[in-house]
Structure formats: structure tokens, C-alpha cells
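Chain C: place on chain B using the hints.
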Amino acid sequence: MIRTLSPPRRGRSYAVQVAREVLTQWGARLGLAWIGLLVFLAVFAPFLANSHPLLLSQDGQLDSPLVRYLTPADVTLLALFFTGLLLALSRASLRTWLGGLGSVLLLAGTLSAAWVQPPALAIYEQYRQQEAAGEYDWVVYAPIPYSPKDYQRDRGETGLQPPLASPKKDHWFGTEENGADVLARMVHASRIALGIGFIATGIALALGILIGGLMGYFSGAVDIIGMRLVEIFEAVPTLFLLLTFVAFFERSLYLLMVIIGITSWSGYARYVRAEFLRLRQQDFVQAALACGLPLHSILFRHMLPNGIGPILVAASFGVASAILAEAVLSFLGLGLVDDPSWGQMLNQAVRSSTFNWWMAAFPGGAIFLTVFAYNLVGEALRDAIDPYLKKSLR
Amino acid sequence: MSTYVIRRLLLMIPTLLGITLVVFTVMAASPGGISAQSLIEGQNLEPQAKKALEDYYNQLYGLDSPPAVQYLRWLNNVSPVGFTFDEERHISGFSFWKGSDLGTSFRYGRPVLDLLEERVPLTLLLNALSLPLIYTLAIAVGVRAATERGKVFDVSSSALMLGLWSIPTMLAGVLLIGFFASDQYWHWFPTAGLNTREALDMPFLPHWGSLQEVALLFGTGAVGTIMGIGLALKVPRLLRVGLLAGLGLSLGLWMGANLPGPHLGVTVLLSLLLIVAVGGLGYTDYTGLRVSLLGLLGAGLGLAVGTHWGGGEFVRGFLLDRLWHLVLPVLCLTYSGFAFLSKLTRTAVLENLMADYARTAQAKGLAEKVVLWKHVFRNSLLPLITVSATLLPGLLAGSVIVESIFSIEGMGKLAVEAVQTRDRELVLSITLISGLLTLVGYLIADLCYAIADPRVSYD
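If you read the protein sequences in the order shown, they are chains B and C. Position 237 of the first sequence, counting from 1, maps to 257 under our numbering, and the rest follow consecutively. Position 238 of the second sequence, counting from 1, maps to 1218 under our numbering, and the rest follow consecutively.
The shape of chain B in the complex, shown without the other chains (with noise of 0.2 Å):
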């Protein structure tokens, strides 16, 4: 397994050099793949998965329920999705990127709370009983025509059912303890794991970034303060934290995310502060002090994009572990209460006295694929980044 690597080429960043490098690794590409795959699922699960048609004609006249019932998220994911891409077809900078998604997140977040409003209380049993009165001229589904809260008390059996076990063959991935489909559960659920995955990874980077640069570029009392900081939140377990934290505070996803964030930083934390006490050092940050540039300048433009290769690797972890770690919570019963999540499904599979085996196999088998995902490209990253590496394997 000797790779050579490609000679640096003038005008090429240091970035895009490891982002070829990555890509070249087979593991990488898959978890890549795998990711993208969650992205498209997560953007577009409405239309993916719902009971509202997309499409019905009702004499004679059009209409699209599935338009209708879509919530102020969807709008802003939706947006945000497309101007994500039409800035990636358009080799935007980073910085561009960033500045572009943001102000859409903002403009399409408020715009969308303001207008969109979806009605508040969602009828499915509706359209499965006037297409069997014949009502509708035609009608067109979503390719799994099933709503996450889709409990089909209409049905004649609800509760649980093993995939494709019933003559009709319409639940690919069973149905769960309330009767709802598994699979537009999954669905849906790919959001709260991509939704938690980086945004309690951003937040405990931005906190692990802080402290840890602080406690690098002052050391002396800063530093032995913040280490014991530090300190105190690795020796209680995470999880522990998590749980009470979880137990004694109201569940909500954006909580969720807040919470995880807060009790992962100190990893980050440590490796800011090993990495700046050592730049702090080097001769272009004593020139940057030397020229009187202000405090912000020197950590964050001159330093940190010096130290941040081995950061990025453990984030990508740190994604994983956070994805694992609202599973754990939604597993033992503190999770969200009413909202689909991979954790609670796979709880489902041995809490009655049966054992439900889809109910293990697809919502595990998708935290699984998941978490192993995020490891194989931040293997991928590491193996790029690690200078070390690269010696030996030359």
C-alpha cells in the first residue's frame, strides 16, 4: 500500500491538496458517498416520505397537499441545500461559501417562519379513504407514501410488523410499536442525525477552539485555570453529563445539540492548547506581536490556521461521537419524545418481550453506517494531514 504523493504544485492551497489526497482513498470515498447519500435524504424527506400526495386531481381540479403541509424547516433546508450547490458549481471560496449559506439560513429562516404556515393538525386517514371512495381523478404519491407520524389507526392491523410479511407488501421496512412505517421514520430521522452531528460538533469546536487558544497563547494562571476546566469535564463521563443534563431539562432537538456541544469540547480544548503553546513560540507569531497586531488577528488569522489539520481529524470524529451520542440518549428513553430518531427505534426492537429484528437491523444498521462513515473519512483526513504518516509511508 505505497502511495506516492503528488508533488505540492504552485497555486494550489494546502486544502484542496489534502482534500485530493482524501479522495484518492477508497474508505474515504465510500463514507463520503454514505454522507451525501444522508444529505439528499435529509433535504428532500418530504418529498421522499409523506402521506399527503404530491399530486392529486379532484374533479377536475389540481392540488398539492404535500406543498401545503410543508413546514418552515423544509423552506429553509430546502434553500439553503440549492444555494450550497449553486455556490459549489460555481467554485466559490470558502469564505463566500460560508457568507452565502449563512445569509440564506437567515433570510430564508425568517421569511419562511413568517410565511410558511403549514396547517396545524394533519389528517392522513383522508386521502387513503377518498381514493378508496373514488374521489380523485388521479393522484400521485411520494415514493414511500407514509408520514413519519402516519400512525394508520385507519389500518386494520397497527402495532408491530415485520417487513413485508403482510400479502400487500407496503411496509419495506416494517412498521413500528405505534403502526407508523419504519422507513419514512428513517427518513426523516436522517435529519436529526446530520442535524446533531455538526452543529454539536461546531459548537463544541468553537468552544474547544476558544478555551484552548486562550490557555495556549497566555499559559501561566490562564492555563492552569482552563486545564482544570478541562480537567473536570473529562473526569465526569460524558455520558453521565449528557443524562443529567438530558434528565432535568426539557427535551428539545435544539437543546440536544446545545447540550452535546457543551460537554465535547475538552478534547478540542486540549489539542488547540498543545498546538498553539508550541506556535506560540515560532518566529512569524513573535514578528505578528512584534507588529502590534491586535489579539484577535494573531490567534485567529496568523495561528490557528496553522494548527487546525489535526483539529479538523479529531471533528471528524467528533461528528461521529456526537451522532452516537443522541442515539445513546434517545436509546435509553431521554431522547425526543414524539419525533422519529434512529436511537428510539432501536430501542423499540427489545422493549416488548419479543425481539423485533427489523427494528434493530435498519435503524442500527443506519447509525452503524453512519458513524462509520464519519470514521472512515477522518482515518482519510488523518492519513492526509499526519506528516508523520507520510514519512513512513514514502
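Note that these hints are calculated values from the structure, not bench results.
Stretch-level coverage of chain C by chain B, calculated; a stretch enters the list once three of its residues show a Cβ under 8 Å from a Cβ in chain B: (1) 997-1006; (2) 1158-1169; (3) 1380-1388.
Pair by pair, the computed Cβ-Cβ distance ranges are: (4) C/F1074 / B/A133: 51 to 61 Å; (5) B/L184 / C/L1001: 46 to 56 Å; (6) C/G1130 / B/N326: 27 to 37 Å; (7) C/N1024 / B/D358: 20 to 30 Å; (8) B/G119 / C/S1272: 51 to 61 Å.
Quantities reported herein were computed from a predicted structural model and do not represent experimental measurements. Positions of the beta carbon are idealized from the N, C-alpha and C atoms, including for glycine.
Just chain C now, kept in the frame of chain B:
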């Protein structure tokens, strides 16, 4: 050295204070918080009885005072040095050895110390069994992978370890319990607990009705082991793989036949899986691995045949019953740590293999084995020691999940119950204990580091 230990021990105090402060703040800041009212919420009582109960809780736990006072009160109770109080909750004196009191649990109404004394040994038992397993397996695989860098074993074991590491503990637990413990599938292992009720009355060691049966069992076990090892060492590879694949097929068919109800798909899938897995055992080049695995397989088969023939009065005994209950939880607790550590061992050994001293040793003609185990491996132990400190809290967290899945009444399960029922004294005590264990783990790791590496000095 001793000054270093003392300094570290003293530095533990602010950290422990910080940990409990963080957890206490979370509990106090939560909506509703912890008050006598929240404790008796949901109990259908007359208003007067409710008031009386509230007063009682306030008196007992001091829940009516402001949070800061409550925390200081708790701290005073826990620390061995502090103020003593009289009946009316007034300070009556200052004592240097009043002893520490972890308080009384809200939910169980029993002293927290009693609860912990019951629960901690079970968690420690689980972890004490998995740690040696993790280390031996990880070192065997990691060293092998490093010496064969880039070859089949290295690449496949690296991918496998990353995969194992990514399997969530709860998924592994749910699958194991579902397939091997539930009566819908094989029901080989118990579903919950650490022993059956009858086992408490059994003698400690297993025993059989007659001496013949014991002899038979030993005989078949020994024959199986010898056949397994012989197969691994003497038979050429192609024949070996063929024989083992046949064995895998028959095992799969037998397991399929043992299922309650027809499961054609499961049988086919399982047979294919076992053919690949057992046949793969014969294919591997790694003689040590092959011999030990095939020996174990042979011994297991031999023992199974022996018990099947013997069939007489067999009393399981407490020890065997306990072990039988421990198999699945320990497996769940072991595999991810093993995967993580073996990757780490691989990097450490690789790093040292490429160091100048190792090349010098090779160049002067030392045997490969001597270089590997006497020189390189010893130096590679250092990172393993540092990681063992971080492995400990990981195991504690892992036991939370494993104990909840397998209904083992250990500290992890107690922790989940404590936070779910908002049992303040219990939550704080568990935080304190697990924090203390973690910090002591770090300290021991640092000391081992100093012992293993003479260059490290702590003065």
C-alpha cells in the same frame, strides 16, 4: 516522586469540587429544579398530608434553603473535615474526623453508601473481566498488523477494527440479546441479570453425577482440542479450508434446525456466513492465531459432544451460572475497546519499528523476534499505558448502556435510574465516585508511565 503524588492528589480536590458543582448547578438550574414539591408531585395525598411530607423532606434534605447553601451543606456532609450540626440544624462545632456521609437517596430511602456498596462491585466485575481481554487481544492483533504492514492481514484487520469500533454498543447488545438470548431464536444465554435464582442455592463449582461423565467430558474436550490444533498445523491449506467450510456449513444447518419455527432465509444466510467465517480461519497465514482459534473451536465442539453424550445429572453451580450470564455483557463491553486499542498498538509498534534503534538492532543481526518483543514492544507500551487511563471512563460509560440492556443491577443502571428519578443525593454521589475513579486512573497511568520510561521524571 512522593511530592509529585501529593501534589496531584491535592489538585484532585478542586477538580472533584468542580465536577460536583457542575452537576449540582445543572440540577438546580433545571426548570422545576429539586424541591420538596417536585419530590412529592404526582402522589395523591390530602393537602395536609402533602404539607407534612413537604416539611419532612425540607427538614431531612434542607430543600427549602437557597441552592448555594444546599450545595455547601452537601459538601460539608461529604467531606471528612467540617462542621457538625445539632438536631435543629445549627452549627454545634468543628471536627476534623467527623467522617463523610453521602446522604440518603430520595427514591430508595436508603443510605447512598449502602446502595453503592451493592452496585459498584458488579460494575467492577464487568470491567475487570473485559480489561485483560481487551489488552491481550489488542496486543496480539496490533503487533501482528504492524509487522505485516501493507499486507493482507494488516489491511483487512485495519478495516475490520474500524468497523468494529463503529458498531454502537447498544446495537451490538440488542442484536446479541435478540438472537442469542431471546426464545424466538437460539436462547443459548439468559436475557437478564447476573445469575438465576436457583443458582444462589447451588454449590460454587459445577459437578456431575458420576466420575465417568467427567472423564468423558475431559476426553472429548482433549480429543477436540488436539484435532483442532492438528488440523491447523499439519493439514495442507486447501484441504483445511475445505474441511472447515464443511464444518461451518453443518454448524449453520444445525443452528437453523434448532430455531423454533421455519426460518429458511436465516438458515441459508447463517450457513453462508459460517462457511466464510470458519473456512477463513483455515485460510489465515498467521499460525499462532490459527492454532489458538482452531484449538478453541475443537475444544468447544468436543465439550458439546461430551455433554450431549453424557447427559446425566449435571449441576451447573454458581460459578458456571455467573460466567454463563457474563458472556454477552462482557462481549459487548470488550469489542470496541479492543478495536480501538489494537489500532493504537499498530501505530505505536510501527513508529518504533522504524526508529533508528530498531534498525540498529536488526542490522547487528538480532533475531526478528528479539527485536520485536524485547526492544520494540517494550517501547510501544508507553502510549498503551496513557490510553488505559482514558479507557477506564469509557468503560464506565459503556457499562451504563450494557447494564441497561442486560438488566444488570450495577452502577451504570443505578446512574440512569438516579437521573431519571431526579435523585439528587444519588446523582451527586455517583458523579463524585466516578470522577474520583477516573482521576485515580489518570494518576496511576502517569505513575506507570514514569516507571516504564526512565526518561520521565516528576520533580
